[in-house]
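S.K.: Chains D, A and R, in that order, give the protein sequences. Yeah, the first sequence ends on 425 if you go by the working numbering, and it's all consecutive. Yeah, the second sequence ends on 462 if you go by the working numbering, and it's all consecutive. Yeah, the third sequence ends on 940 if you go by the working numbering, and it's all consecutive.
Since the hints were made in silico from the structure, they are not lab data. Where hints are given, some of them may not hold.
[What the hints assert, rightly or not] Simulated pairs of lysine to aspartate or glutamate, EDC-like, Cα-Cα distance not exceeding 16 Å: (1) R:835 <-> A:147; (2) D:325 <-> R:834; (3) D:277 <-> D:243; (4) D:410 <-> D:185; (5) D:231 <-> R:505; (6) D:320 <-> D:230; (7) D:322 <-> R:717; (8) D:325 <-> R:717; (9) D:320 <-> R:717; (10) D:325 <-> D:185.
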Amino acid sequence: MTGFDKNSLTRRTLLKAGSALAVATPLIGFAAPAVLAQGQTKSPTKVLDFMTNADVAKAEQEGQLVFYCHENEAGTAGIMQGFSKDFPKIKTSYVRAQTGALYNKILSERSAGRFDVDVIQLSDLAPAVDFQKKGGYEHYVSPESHAYKPDNLSTPVGSFFWTGVDPAGIAYNTDKVSSADAPKTWHDILNPKFKGHISAKISASGLQFVQWYCLREMYGDKFWKEFAKQNAHAFDSRVQLFDRLAKGDDMITSIGEYPAYILFKSKGAKVEFVAPPDGLVATPLIVGAVSKAPHPEASKLFVDWAMSKRGQAWYQTNPNLYYGSVRTDAPPMPTGVKLSDFKLIYPKDWDEYAKTRDVFSKEWNSMIGL
Amino acid sequence: MDATKPTQPHIEVRNLEMFYGGVPAVRGVSFDVQTGEQLTLLGPSGCGKTTTLRAIAGLEKPTAGEILIDGKPVYSSTRGVNIPAEKRGLSMVFQSYAIWPHMTVFDNVAYGLRVRRTAAAEIKERVGNALSLVQMSEYADRSASQLSGGQQQRVALARAFVFSPSVLLFDEPLSNLDAKLRADMRIELRDLQHRLGITSVYVTHDLEEALAMSDRIVVMRGGLVEQTGSPDEIYRLPSSAFVADFVGSANLIRGKHRADLDNGDLTALETAVGQIVYGMAYGRSVGDDIEFSVRTVHLRISHERPAGSINVWPARIEQTVFQGDFTQVHIGWGGQHLIARCAAMEPIEAGQEIFIAVEPKRVVLLGPANPRPSQ
Amino acid sequence: MPSTGSPLSVQKMAGYGVAAVAAVLVLYPVFYLLQAALDVGDPQVRPPTEYGLDNFSGILQYPQILLNTLTVSVAATVMALVFGFVMAWILARTNVPGRKIFEQLMAVPYYLTPLLGALAWSLLGSPESGFINQVWRAIGGSGAIIDVNTPYGIAWVMALFEGSVAFVMIAAVMKSMDPSLEEASQVMGASRLRTMLRVTLPLVTPGILGAAIFVFAEMLGSFAVALVLGTPNRFYVITTAIYQLTQQYPPKIQTAAAMGVSLFAVMFVMLFLYRRVVKAGSYVTITGKAFRPRVADVGALRYFLLGICVLYLLAAVALPILTLLFASFQKIAVAFPTADNFTLNNFRMAMSMNAARSALGNSLLLGFGTATVGIVLMGLLAWLIYRSRLPGAGAIEYVVMFPQAVPRLVFAFGMMWAWVVFPIPIYGTLWLLLIAYVTVFLPLGVRTIASVMMQIDKSLEECAQMCGASWTFRTRTVTVPLLIPGLVAAWLLLFIASVRELGASILLMGPHSKVITPAIVESWFGTSSELTATLALVQTLVVAAAMVVLVAVTRRIGAQPGD
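Chain D with its partners taken away, still in its complex shape (with noise of 0.2 Å):
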């Protein structure tokens, strides 16, 4: 085992150097973004739309793809549709779960020397800033970066990247529950008539995390002392939470994801969605590369293809995913509304957020039932 501690202490000097080489790049700019990248030579080549700094016909040479994602089975299919759709030579494969088992997995695998994985997907900021310490990232700077606000870029840039947003507020089931009666505001959540007919994420999610810090912020403590009063029952993903509703089996949820709740209504459901005016709470899609790749081309030529329009637009567009992109040229959603045409909500000091983790783990375990 001593081994693995002394790979993991020479991986983390190494990723050091890295990283101080890196601190230079804003300084230099976007202009030659290339030159920082590892290993790299050339400059950046145009494919398809987009530009990008890998070697595609490595990457198509390497032939695969291994991502892994915390979306839910549908959505990260779908993901690597959209990449094989246009890469068809890359043969890709993946593993889902939610945020916090997938990170579980991930470090166990790399504390054991097992590198399988090329590229990671979190709904949470707070693992993906922890990763990015263990030097968990591969360093890449996309040619892409440069359509997206430093804040949505791993600090400094070349770890990872927002790939989208994910924003949630309340929605209901219209059988159930009367227009009248239906919540408007966050405080709606706790009225007691929803008690036992209500339904909330595991806090495995990092939505569910964003929201209890959000609105722990704006509201205090006793919010969520209230909203343990309600009986909520937990479920892994926001396709469940939205059949549930659909079918009526939950009269509310009190974090119904904007992305379900288009796929549902054009199922047909009755289901409304209430954007409370206090804003959505939001969680970032976070992608990034993972260091010692086995097919580390193909890891980079994912990330740029993920960063670039065409991947942004899928991101967008595919109704298993529905995400809203925070890329500064993004076009509106399906339904014709632009992420930034909400008002969003996330945590005002991210690290103070990630501090909060045992403590939401703990009371939010305690609420569902745990």
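Position chains A and R relative to chain D; hints supplied.
M.R.: Then chains A and R, alone, in the frame of chain D:
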């Protein structure tokens, strides 16, 4: 067979001991089997006879002792030798016949030859011979699962001797057959054994079988050897009350030795009620408290006092039980019950006063009893 | 060293070889599991930096979960035993029409898997959207007449789909019972009911008790049903709690491991009792003789009993399958179909889902591999434990039976940690799942093969030995041919058990080694219940087709020459 030295027993069992989870099954058994001899281990169930046989076979590992075949140890606790069963060159007929149901009769019999990589033509010939010897030739292609008990028995036998093993072991091979078939097979087996001249060890609890088939009998009881001898010796001169009773039915008469009345070969015994019985010691040492055995068939019954002065007593018939070939007569004699077997002749009825007599040479002094485990 | 002093060299080597393999398979992961349970340091750092018992005291924070687990397990065990006893009695002891067919059908719920049962009953019996409740309200009722999201609802589904083992065990006892014991009672003038209560029941009690302990252990470790039906109602049992605790970040793996370890302490006691009961009881009714069980003529009552059988199979087979079929053709599953709700899209999606397709293929491949590798290893182990009399066989039996005492979900953690650090890179491949399946099914396989082996008279092997056949030769020519029909049945059982496996696979499958049952659970998590229903149906159909082919093939192999 002539080549083997006459002094060298084919099988030697020395102080064999065997424990099952701390419980003794065999507690120090020794005997020899001469080449070509048919030896029988006889005893009631649980006496250790089958365990002993399986130890010779190599199917059980003894706890202590030695087993030698042709002078070479196949098991020895002190020398750390335990040759596996398949390498001992023995063969065995099992109580359950152990006919393999997934093979034909031919394949069953041919098994041992195939193990020995015998040529196909020779297998055919030898299996054919073996099957004709047991009169099963016409069944060769039959599936073994379609045979009757007696047929299975014959196949098991053919299978056991077809590869000319040096020793044949029999584990109660006839016990699953009905009485008539058993009697027939007994003769056949004996006949076959003589023809093949194979050394054999035979286990049974059936006295008639043992007497009819053996050159020598080892009577076992409680994991120990009770007596070893020819069938005649065992029958005529049982060494203990147990053997006397187990080997045919016997009357046992206990009493004090009256050395003053001994007369030549005759040893005198006085029963508790003062009757004097003369018997013979056959070279056995005579103690103070002694015991005689009289076979039930040797007690003669008469209505008139027979001639002779010794071993004649008045007695009274208590009950008679007709048993076909003979009648079992229960006799009250001086506070003791005796049993006599008489060929049915003159009518005898309960309550009659009669005389009983026995020749002194039929009255056998029993040896001192073996120590028995306290159970 | 005296070469003659250590006989059976091949036999011994094979014996100790498989024993060593089994020990490694079982004890290596157990070591990691115990390590995690005693780890009180930073959960992210492995190997642990600090050891203690704090994790165990942590369990008591979850009294509700322990109580839930107990409630569900006891209720499910009782139901399974009642179903099992009634069905076994009807099918083994009465002249109910179509007994043979019903007896075959009784195995179907086992093949259908508890997951499918839970998904179907969730559609049928949810308080709001359940089809039964929708119909109930449509005909004028109010509220819900059935709620499967309650502890008893969960127990009901568990009893239906995980309890079939109770039927198998009780039926076996009933068949091995000397019918003259019952006849004696009837001759003395006792009525049929009185005979059943006073003679049959007491006689099969040891068998039932054995089944009870076994079923209870199964229920404690059951995962799929509680996950699908319990979670929607904030109802967690130990296994689902362990799952949730380990899936969040930071993971409460140590607490989960401690829960698992305490659970196997409980199960160990249960299995110890089971062995005692079975050993004591087996002599009472099972004499080894094959009785032809006497079938009672129950007169007109047989149609009533037939009704019971039909009802049971309706609840456990027909209704679930029809429900899933019905749901799979709808956009949003409701009890009353409408034209605009009809869709073939679910099937289109299920068929096009790459993951599901490769998962199904992997599962069949693994089933094949597990059954084939398993039958050799488990056959040797069964022989080693019950036939060889090599020293230490008893200890090996305990090691082999160990995985029975741990929920597969918990055991999988041990396996994950164990095989992730294993120098040969099998982690994340199908090989890992193969190893995992062979490990967790050791008890099942060894028990099944051993029971077949016990029925073969030992002298058949000994006789071959006396004919001079070496161990390998006699194993090949006598033991294996005689075992083949039993081995074929065991092979099929292992195949099915592997294909339906969930607890271990859900943790151990990797990007290149997906299998079907966890894929269905993931689909339940992340896609619609209609698509999930479709996937479950597709799985059932494919597995059923595979079974038909396999049974046809193995019939040939299993048929004895000359028969």
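S.K.: Work down the list of hints and note, for each, if the structure agrees.
M.R.: Right, here's what the structure says about each hint:
no., hint, in the structure
1, R:835 <-> A:147, "holds, 13 Å"
2, D:325 <-> R:834, "violated, 68 Å"
3, D:277 <-> D:243, "holds, 14 Å"
4, D:410 <-> D:185, "holds, 11 Å"
5, D:231 <-> R:505, "holds, 11 Å"
6, D:320 <-> D:230, "holds, 14 Å"
7, D:322 <-> R:717, "holds, 10 Å"
8, D:325 <-> R:717, "holds, 14 Å"
9, D:320 <-> R:717, "holds, 15 Å"
10, D:325 <-> D:185, "violated, 40 Å"
This entry does not satisfy hints 2, 10, going by the numbered hints stated previously.
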